[in-house]
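Trainee: Listed below are the residues making up each chain.
Protein chains: 2
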Amino acid sequence: MDVFEAIRERRSIRQYQAKAVPEEKLTQILEAGRWAPSSGNRQPWKFIVIKDEEVKSKLASIAPFGRFIDKAPVGIAVVIDPQGSSHPVEDGAAATQNILLAAHALDLGACWIGSYGSDYEGRAREILGIPHDRRILSLISLGYPTESPEKGRVELSELVSCDRYADK
Amino acid sequence: MDVFEAIRERRSIRQYQAKAVPEEKLTQILEAGRWAPSSGNRQPWKFIVIKDEEVKSKLASIAPFGRFIDKAPVGIAVVIDPQGSSHPVEDGAAATQNILLAAHALDLGACWIGSYGSDYEGRAREILGIPHDRRILSLISLGYPTESPEKGRVELSELVSCDRYADK
Numbered sequence: 454m455d456v457f458e459a460i461r462e463r464r465s466i467r468q469y470q471a472k473a474v475p476e477e478k479l480t481q482i483l484e485a486g487r488w489a490p491s492s493g494n495r496q497p498w499k500f501i502v503i504k505d506e507e508v509k510s511k512l513a514s515i516a517p518f519g520r521f522i523d524k525a526p527v528g529i530a531v532v533i534d535p536q537g538s539s540h541p542v543e544d545g546a547a548a549t550q551n552i553l554l555a556a557h558a559l560d561l562g563a564c565w566i567g568s569y570g571s572d573y574e575g576r577a578r579e580i581l582g583i584p585h586d587r588r589i590l591s592l593i594s595l596g597y598p599t600e601s602p603e604k605g606r607v608e609l610s611e612l613v614s615c616d617r618y619a620d621k
Numbered sequence: 454m455d456v457f458e459a460i461r462e463r464r465s466i467r468q469y470q471a472k473a474v475p476e477e478k479l480t481q482i483l484e485a486g487r488w489a490p491s492s493g494n495r496q497p498w499k500f501i502v503i504k505d506e507e508v509k510s511k512l513a514s515i516a517p518f519g520r521f522i523d524k525a526p527v528g529i530a531v532v533i534d535p536q537g538s539s540h541p542v543e544d545g546a547a548a549t550q551n552i553l554l555a556a557h558a559l560d561l562g563a564c565w566i567g568s569y570g571s572d573y574e575g576r577a578r579e580i581l582g583i584p585h586d587r588r589i590l591s592l593i594s595l596g597y598p599t600e601s602p603e604k605g606r607v608e609l610s611e612l613v614s615c616d617r618y619a620d621k
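Chains as they are written, first to last, in the numbering used here: chain A, 454 to 621; chain B, 454 to 621.
Heads up, some of the hints might be wrong.
Note: identical chains are not told apart, hence a pair may lie in one copy or across any two.
Lysine to aspartate or glutamate pairs mimicking DMTMM-like chemistry, simulated, CA-CA at most 20 Å apart [said to hold, decoys possible]: (1) LYS604 with GLU462; (2) LYS621 with GLU579; (3) LYS472 with ASP534; (4) LYS478 with ASP616.
No wet-lab data here; the hints were simulated from the structure.
Next comes chain A alone, as it looks inside the complex (with noise of 0.2 Å):
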């Protein structure tokens, strides 16, 4: 798929089928986290595969804004070293947009769980078994759609200024 149709055609999906996603899928969509660029090109971060569903369903239980982790066929918690570069939580949100995009080219839905900094996150981190000194960036839900929803943008030019900041 073209970049900028991934870019311009996704969206979160939060409803999915029941059908699995395939393991190359999944391998290919874990490459594209892999390959964001990160400061000073550290890499700080960690993927972790969430099928099982008792794990899934912890999650769900403790997370208001991701209580359908559990019905995606997979959940992906972005994990990162927040001294594993100068700039970890933009390092673990570029890996995330990769993921997103990755995962909408190969006709697959997910959904960004915005987890770092959140009331949950302390929790998240328990479920998954994850060390006092690394952090979950994010929390991906992923699965085949069943709803393609629409949302819009703020036109351009209210958001562009030049050589200078306006608002506008």
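Let chain A serve as the given structure and place chain B on it in line with the hints.
Mentor: Only chain B this time, still in chain A's reference frame:
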């Protein structure tokens, strides 16, 4: 360009031809930023397109890691509203990553200069007239490349675990 090719082949480019960036390409690149996901679709970002030589030169003079920004025909500052969503840093990073992928797909080169929380963010903010309640998430230098650097990544087998965190 295929999205996987863009993700896999994109590199940080710090050396540029003098050739200008066509307006049409610049618009496509900013569009890619605009269509990034954000927490609650709040889109807490603005983009400053920097072409003025004096502005670029001032930025280069204060930024130890961004000293090549005055060598690039164009700079883009991704400015975020820290109160604008629940995860503004991640949102701005997703927009930045989209911009980098779009640039590569259009045969341009770009470099993500991490700015948020850096020593020079405050001075860059002054130069660009950015109010105190807004932050610079990233500066991006942009132009036709004169280099094609190679950078590797840690293997996927070192990064991925199943259902539980594992340090490998």
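Trainee: It remains to establish, for every hint, whether it holds in the given structure.
Mentor: Hints versus structure:
In the homo-oligomer, the alpha carbons of LYS604 and GLU462 lie at most 20 Å apart inside one protomer (10 Å), although the nearest pairing across protomers, at 30 Å, exceeds that limit. For the identical chains of this complex, LYS621 and GLU579 are inter-copy neighbours only, at 19 Å across copies versus 44 Å inside a copy, given an alpha-carbon limit of 20 Å. Proximity of LYS472 to ASP534 under the C-alpha cut-off of 20 Å is found in neither arrangement, the shortest distances being 33 Å within a copy and 39 Å between copies. Proximity of LYS478 and ASP616 under a CA criterion of 20 Å is satisfied inter-copy only: 18 Å between copies versus 42 Å inside one chain copy.
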